[in-house]
Amino acid sequence: RKEVEQDPGPFNVPEGATVAFNCTYSNSASQSFFWYRQDCRKEPKLLMSVYSSGNEDGRFTAQLNRASQYISLLIRDSKLSDSATYLCVVRDTGRRALTFGSGTRLQVQP
Amino acid sequence: DAGVTQSPTHLIKTRGQQVTLRCSPKSGHDTVSWYQQALGQGPQFIFQYYEEEERQRGNFPDRFSGHQFPNYSSELNVNALLLGDSALYLCASSLWGSSNQPQHFGDGTRLSIL
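First to last, the sequence lines map onto chains A and B. Counting with the numbering used here, you get residues 20 to 129 for the letters of the first sequence. Counting with the numbering used here, you get residues 391 to 504 for the letters of the second sequence.
Treat the hints as calculated values from the structure; they're not laboratory data. One should not assume that every hint holds.
Capping the alpha-carbon separation at 30 Å, the derived lysine-lysine pairs in DSSO-like fashion look like this [what the hints assert, rightly or not]: (1) B:Lys403 to B:Lys416; (2) A:Lys61 to B:Lys416; (3) A:Lys98 to A:Lys61; (4) B:Lys416 to A:Lys64; (5) A:Lys61 to A:Lys21; (6) B:Lys403 to A:Lys64; (7) A:Lys64 to A:Lys98; (8) A:Lys21 to A:Lys64; (9) A:Lys61 to B:Lys403.
Could you put together the complete structure from these sequences and hints?
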């Protein structure tokens with residue numbers, strides 16, 4: 020079983036749609052959680068950290084459920100520029116390395 | 391304020407050869423981590439360097455080795471290259487004392503093995 024699992028997609032949505040990505044992680048000792056965005060053939064860039072109480076940054080909302088070991092990302096009012104791969108990332112207690120999911124590809128269509 | 395820089399951008403090698411990739415961390419950062427990203431996959435952790443020592447290592451063979459210099463820059467060396475080593479190699483930098491902070495990535499080196 021992979022340490023971090025994501026639905027690979029692709030998710031094809033029209034502009035203005037709301038889309039949600041889910042991610043599960045296997046290590047209950049995981050400490051820090053992030054969503055990164057990666058454009059085709061580019062490096063991953065931090066989209067947002069994920070906090071236990073949930074957090075929002077403009078059109079993006081992240082949620083964490085430690086009991087279910089589940090992380091989500093909600094994108095409202097999708098833009099063409101949101102088209103990318105979204106990587107769910109976890110860091111375990113006592114480790115400094117990041118563990119990445121395989122990513123979920125989003126294609127926003129006009 | 392320079393971000394993470396990596397060189398070269400692209401590299402083509404043949405099986406059995408050796409390669410060295412280079413990384414300069416973001417200004418103010420002292421820790422460098424290396425990741426391998428195969429096509430269609432998320433990045434996989436190779437190892438991390440701090441104070442010129444390897445501090446943590448992922449599930450990669452000894453053919454993968456590294457070094458960190460006093461100015462915090464780092465090299466990744468891969469010996470006896472295999473076709474399966476073809477990937478995007480990413481360097482990320484961070485501050486050792488801020489372990490909960492996210493890592494910042496360079497543009498990566500795209501390595502192709504023929």
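Pair hint outcome, Lys64 of chain A versus Lys98 of chain A [Cα-Cα no greater than 30 Å]: This hinted pair holds, its Cα atoms lying about 18 Å apart.
Satisfaction of hint between Lys64 of chain A and Lys403 of chain B, Cα-Cα up to 30 Å: The given pair, whose Cα atoms are some 28 Å apart, holds under the 30 Å limit.
Given pair status - Lys64 of chain A, Lys416 of chain B, alpha carbons within 30 Å: holds (14 Å)
30 Å Cα cutoff - pair Lys61 of chain A, Lys403 of chain B: The given pair, whose Cα atoms are some 21 Å apart, holds under the 30 Å limit.
Satisfaction of hint between Lys64 of chain A and Lys21 of chain A, Cα-Cα up to 30 Å: holds (22 Å)
Given pair status - Lys21 of chain A, Lys61 of chain A, alpha carbons within 30 Å: holds (24 Å)
Hinted pair Lys403 of chain B and Lys416 of chain B, Cα distance within 30 Å: Answer holds: Lys403 of chain B to Lys416 of chain B is near 28 Å, not above 30 Å.
30 Å limit on alpha-carbon distance, applied to hinted pair Lys61 of chain A and Lys416 of chain B: holds (17 Å)
30 Å limit on alpha-carbon distance, applied to hinted pair Lys98 of chain A and Lys61 of chain A: Given pair Lys98 of chain A, Lys61 of chain A holds - Cα atoms ~19 Å apart, limit 30 Å.
In summary, this structure violates none of the numbered hints.
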